[in-house]
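> Residue-level listing of the chains:
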Amino acid sequence: MKGLRNYIDKIKPNFEKGGKFGALHSTFEAFETFLFVPNTVTKKGAHIRDCNDMKRVMIIVVLALIPALLFGMYNVGLQHFRAVGDTVAAGAIMQCFWFGFLKVLPIIVVSYVVGLAIEFAFAQSRGHEVNEGFLVSGMLIPLVMPVDVPLWMVAVATAFAVIIGKEVFGGTGMNVFNPALLARAFIFFAYTPYISGEKVWIAGLSKGVGIVDGFSGATPLTNASESVITGEAINWGGTSPIDWFLGFIPGSIGETSTLAILIGAAILLYTGVASWRIMVSVFAGGYLMGLLFNLIGANAYMEIPAYYHLLLGGFAFGAVFMATDPVTSAQTNKGKVIYGLMIGAIAVLIRVVNPGYPEGMMLSILFMNALAPLIDHYVVQANIRRRNKRLSVAK
Amino acid sequence: MSSKEKEPLFSAKNIKLLTSPFSQSNPVIVQILGICSALAVTAKMKPAFVMAISVTVVTAFSNLIMSLLRKTIPSRIRIIVQLVVIAALVILVDQVLKAYVYDVSKQLSVFVGLIITNCIIMGRVEAFALGNKPWPSFLDGIGNGAGYGIILIIISFFRELLGSGTLWGYQVIPDWCYQHGYSNNSLMLLPPMALIIVGLIIWIHRSYNKNLIDK
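Top line first, the protein sequences correspond to chains A and B.
22 is the number of the first residue of the first sequence in the numbering used here; add one for each residue after it.
4 is the number of the first residue of the second sequence in the numbering used here; add one for each residue after it.
These aren't lab readings, by the way, just hints derived from the structure by calculation.
Keep in mind that a hint or two might mislead.
As the list claims (entries may be wrong) - Distance windows between CB atoms, simulated:
(1) I156(B) - G218(A): 28 to 38 angstroms
(2) G194(A) - K19(B): 41 to 51 angstroms
(3) K213(B) - I250(A): 47 to 57 angstroms
Just so it is clear, CB atoms sit at the ideal spot from N, CA and C, and this is done for glycine as well.
Could you build the full structure based on these sequences and the hints that come with them?
Written out as structure tokens, the structure is:
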């Protein structure tokens, strides 16, 4: 460790202003702070600080994503072998995991390489520090993709999300929309057939590998939204709520297992990185909306138990990892509750009412991202009004 | 009049009227006018080009006519007179389009009629033609129409190329690209992407013209 520190101190002058590689200052600084906690001291104001800076916070979020990622890799293999009817391989955990690992790793690499290259280029050209925000976004993007998505689409979507979603607003911390969801939304609207329907959720299915008879590859949500169109009872494809909770269903890579996501949620809440208010209120919003639809009960989809919605699709993943993004969510405590409730409610509303969009989570979070500053504004204004009133009574 | 030298038709000042709308005072990317139609008609190059020509014609002639009439119109009713002139010109353009390029006219649908509401035309009449002589007003109209048109054509170039893989209706992205997994970007065909392209054009334009950046 000491040797590394000495080496960095030795080469540091080269990257200072006027040094040999002065132009690469921000790149150097990014790597230095990545290796060592920066020794900056507070010059004014509050003098208490801990070693927690943005890089450390981001790493905790990435850690929290690991259970979902590992399960996602396993599930990719499992679903693939089930689809081709290879029951022996489907029973072997390591074989499933290894298959999924090889499928998922390229997506992660592409997302990180493209995103970080753009981040570094922008930081360099603007003379800013390189921001750490992409460490998380780069991991979130693969987890919300279907496994069969072409890699070049991931690259284009990542570039779009980082440039249009983040850099034009001024970089990390200034973005209005969650970059990872923006990447997904980009593919969703630009290359719709590659991210929706029945064929994309299982590796190899879209290229037509041998499929067992009677196997569709549709996610439970697709089946559910189809029942709205056909007017028949929902065909859950032989899966039960316990499968949805554990995650043995087709879906985007990281979203299927509610259990793995809840482990991540526990890490985030224990370390205080994510807001429990948002998480709880998203789930509450979805559940309440589900109950409301139960009351209406106009078709089979409206009548499903409300907790089904929380287990299906990307609801849990969105609630835990996407909605809680501290940059794009509401900042006030009351605002966070309103923001969360609305996300859950709108997600379920889109799912049930609009069969064109089987999964409403992405759109509902992006929509509420746009409204978050407005919610904060009214919460703050209401507070000011209340205090003014109290002031005038006291007089 | 005899003492004053007659200004040549294409004096430096008049040339500037014609050329400055291309960049320094571009109606779309600097004055942010006419965005609505720039989003609506730019999915393909052909309609965008026809739209650009139509708007140029209407702007030029409404400027010319209003400039000729400018001393006879009481200022209280000038807006309604402007509308009558612009509407008459738009109807003329619409009829010509229907007669000669019927399919494009059908694609443009209501947006030909909506040229009336294009802020550029009203804006130039109000801001320029009512206070200037006919010939400079005419040039100003041509310049602004063309400045609007050039942005339309840039936007539609990217939208058609990336959204449909064609240019002017001819396929330019070869089939083997599609066979190797390339896919058209259907987001390009939706109006929001046109807005993003306008934003990107503004970004590039501002980085070359730092004097236009708001402080």
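> If a hint holds in the structure, say so; if it does not, say that too.
Hints, one by one, checked against the model:
The beta-carbon spacing between I156(B) and G218(A), approximately 36 angstroms, falls within the hinted interval of 28 to 38 angstroms. A hinted range of 41 to 51 angstroms holds for the C-beta pair G194(A) and K19(B), which are about 43 angstroms apart. The hint said 47 to 57 angstroms for the Cβ distance between K213(B) and I250(A), and at roughly 55 angstroms that hint holds.
Consistency note: the structure conflicts with none of the earlier hints.
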